Amino acid sequence: SMDDNSSNWFRSVCCRILQTGVVPKHVAIIMDGNRRFAKKMHYGKAFQGHVLGFEKLKETLQWCLDLGVTEVTVYAFSIENFKRSKEEVDGLMELTKQKIAYLLEESDVIAKHQVRVRALGDLRRLPDDVMQFIAKGVNYTKHNTRAYLNVCYAYTSRHEMTEAIKEMAMGAQDGLLYPSDISEDLIEQCLYTGDSPPPDLVVRTSGEVRLSDFLLWQSTYSHLCFQDVLWPEFSVWHFFSAVLSYQQSYASIQQARQEDRERRDKHQYESDLRSVLEQRQGDVPDASLLEQMVKEHAERRRERQRTFVERIRTLHAQFLEQLCPAN
Amino acid sequence: MGFADILATLCLHSVHGVMRLKASTTYAFTWLCSCLLYVVKHRGTKIESITCDVKTLRKIPLHTTFIVEEKLEYYEDLARVVTWTFALGGHVVSVYDSKGDLKKDLVGLRTAIVLQQGKLFGTAGPAVQVTTLQDAESLDALDKTGELFLVLVLSPEDGRQHIVETAVSVCKAVLQKRVKIEDINIDFIDKKLTATLSEPSLAIVFGGLHSSLGYPPWHLRVTEIHFLPEIRKLVYQDLYTVFQKYANCQQRLGT
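Quick mapping for you: the protein sequence lines, in order, are chains A and B.
Okay, so the first sequence: first residue is 1 according to my numbering, each after it adds one.
Okay, so the second sequence: first residue is 1001 according to my numbering, each after it adds one.
Treat the hints loosely; a few may be bogus.
Computed cross-link-like contacts, DSS-like style, restricted to lysine-lysine with a CA-CA straight-line distance of at most 27 Å [stated by the list, open to error]:
no., chain 1, residue 1, chain 2, residue 2
1, B, Lys1233, B, Lys1119
2, B, Lys1103, A, Lys266
3, B, Lys1103, A, Lys39
4, A, Lys25, B, Lys1192
5, A, Lys266, B, Lys1119
Examples of chain B residues toward chain A, derived with CB under 10 Å [what the hints assert, rightly or not]:
no., residue
6, Trp1031
7, Glu1073
8, Tyr1074
9, Ala1124
10, Pro1126
11, Val1128
12, Leu1148
13, Lys1172
14, His1210
15, Gly1214
16, Arg1221
17, Ala1247
18, Gln1251
19, Arg1252
If you're looking for bench data, these hints aren't it; they were derived computationally from the structure.
Computed from a predicted structure; not experimentally measured.
Cβ coordinates follow ideal geometry from the N, Cα and C atoms, glycine included.
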């Protein structure tokens, strides 16, 4: 219709204007407010709120891709959500299966933009049939490389960090890692989001002002945007407003990130130096020889870390692949 | 750059300019209102008035954290906020800045806080301990007295770096067979990370940046996060408003 066309045109113009400034590469969203929306509209059951919430996710993904955001991470289902009524949890599981089936058969957004869908979380907690659907969806899109949609499912950040520590302990036990190899960078690579850059912008809808165990480690230098709108009512103008506020704080946050990077590098250098001196047991060589030894130690450390991270990523991928019946 | 690009860039700069102008105007307006209502609203200088405010709050955060991003020339403003928080019923306050400047001048900060405590509470006021995590004894020991207010001064080494150190010690314990892999779960890690620093119920970020800037990430799981402008512009009413919002929030915790 005429109205739709003109509003689409206006939206494209605004999008184009925003693109002259900095566009976040990775946006994370806590899609909160489905149930309150269902209550507000007197739907009777929360389920209808979740259905609309999924439609809103599709729309938002389109807006992100149009703007030039290449990675979107969403908080779909928390481990804490298992505490909800059986009816609601079963409904959400059923909805997940329906939507993955839709993704496999009909989705044009995913195919057009070559979006790779990944599932992050403790998937083993899910019923077998849901796990298989998720595995199929993830495998279906695994060759796409232009954009990424990370769906946090059966996820909490604390669980993610604990699993990373557990895996590093197992790595140490298996002789793949020394305890001194553990660093902020290594932990980051061991998290479910290891392949992704940190989120630039975190948006939470529904007016709540907390992170609720979502990407706690990764979002520590992200721009946080809490918006007082229920998720199914989230509009492109709310999205643009979040991006505008991100642009305003970009320079300061970049500076803080840079200082954090320098602090980390300094820590890493000091840790490598300590390890070399410990091995030498007090026998300190001259400065240039010491530098050389620290460099070599760092190279060996990086090699161990690379092998270890490779192992974890392979194990994660294999877990999902084995859930899919032969292609 | 084409003409369209130039026009688009100008548009964007104008929009940002308008947003900044709106933020400053809103601040100036609320400042003006506070001045005009000075007669009616108290400015946090009398403990009796603050005690009345406490009665209006349904719940009060036990541990409040202040994330400060501005470079502070003096600590009077920060000390006042800390003192107001104690007057409003808080027991533990942590202060964090991403450059670690506060930790470097512990003596200056301590002096400023003790001074403000004296001004507000008088000589009968409770004692305040200002310390770092590295020097703090376990919180349990301090809480038992009930009469002590605790201020913990944090820096980035208490954030992700602390999680790294915990991971290293867990790995060493596994190698020395003091800990089994199966024992490593969320509660196990949580006990180690919250031994000296509890989870804050409320976080206020000063300085206009909407980010936690390296604050211990594990601890921000369900913390209510609010943003306020620079601390030197802060009046008591701003803090009380945040406390009211906290008192009225509902934490569903996933259910």
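Here's how the hints hold up against the structure:
{"no.": "1", "hint": "B/Lys1233 to B/Lys1119", "result": "holds, 20 Å"}
{"no.": "2", "hint": "B/Lys1103 to A/Lys266", "result": "holds, 19 Å"}
{"no.": "3", "hint": "B/Lys1103 to A/Lys39", "result": "violated, 48 Å"}
{"no.": "4", "hint": "A/Lys25 to B/Lys1192", "result": "violated, 35 Å"}
{"no.": "5", "hint": "A/Lys266 to B/Lys1119", "result": "violated, 42 Å"}
{"no.": "6", "hint": "Trp1031", "result": "violated, 21 Å"}
{"no.": "7", "hint": "Glu1073", "result": "violated, 19 Å"}
{"no.": "8", "hint": "Tyr1074", "result": "violated, 22 Å"}
{"no.": "9", "hint": "Ala1124", "result": "violated, 36 Å"}
{"no.": "10", "hint": "Pro1126", "result": "violated, 30 Å"}
{"no.": "11", "hint": "Val1128", "result": "violated, 28 Å"}
{"no.": "12", "hint": "Leu1148", "result": "violated, 28 Å"}
{"no.": "13", "hint": "Lys1172", "result": "holds, 5 Å"}
{"no.": "14", "hint": "His1210", "result": "holds, 5 Å"}
{"no.": "15", "hint": "Gly1214", "result": "holds, 6 Å"}
{"no.": "16", "hint": "Arg1221", "result": "holds, 5 Å"}
{"no.": "17", "hint": "Ala1247", "result": "violated, 13 Å"}
{"no.": "18", "hint": "Gln1251", "result": "holds, 8 Å"}
{"no.": "19", "hint": "Arg1252", "result": "holds, 9 Å"}
Of the hints listed earlier, those the structure fails to meet are numbers 3, 4, 5, 6, 7, 8, 9, 10, 11, 12, 17, in rising order.
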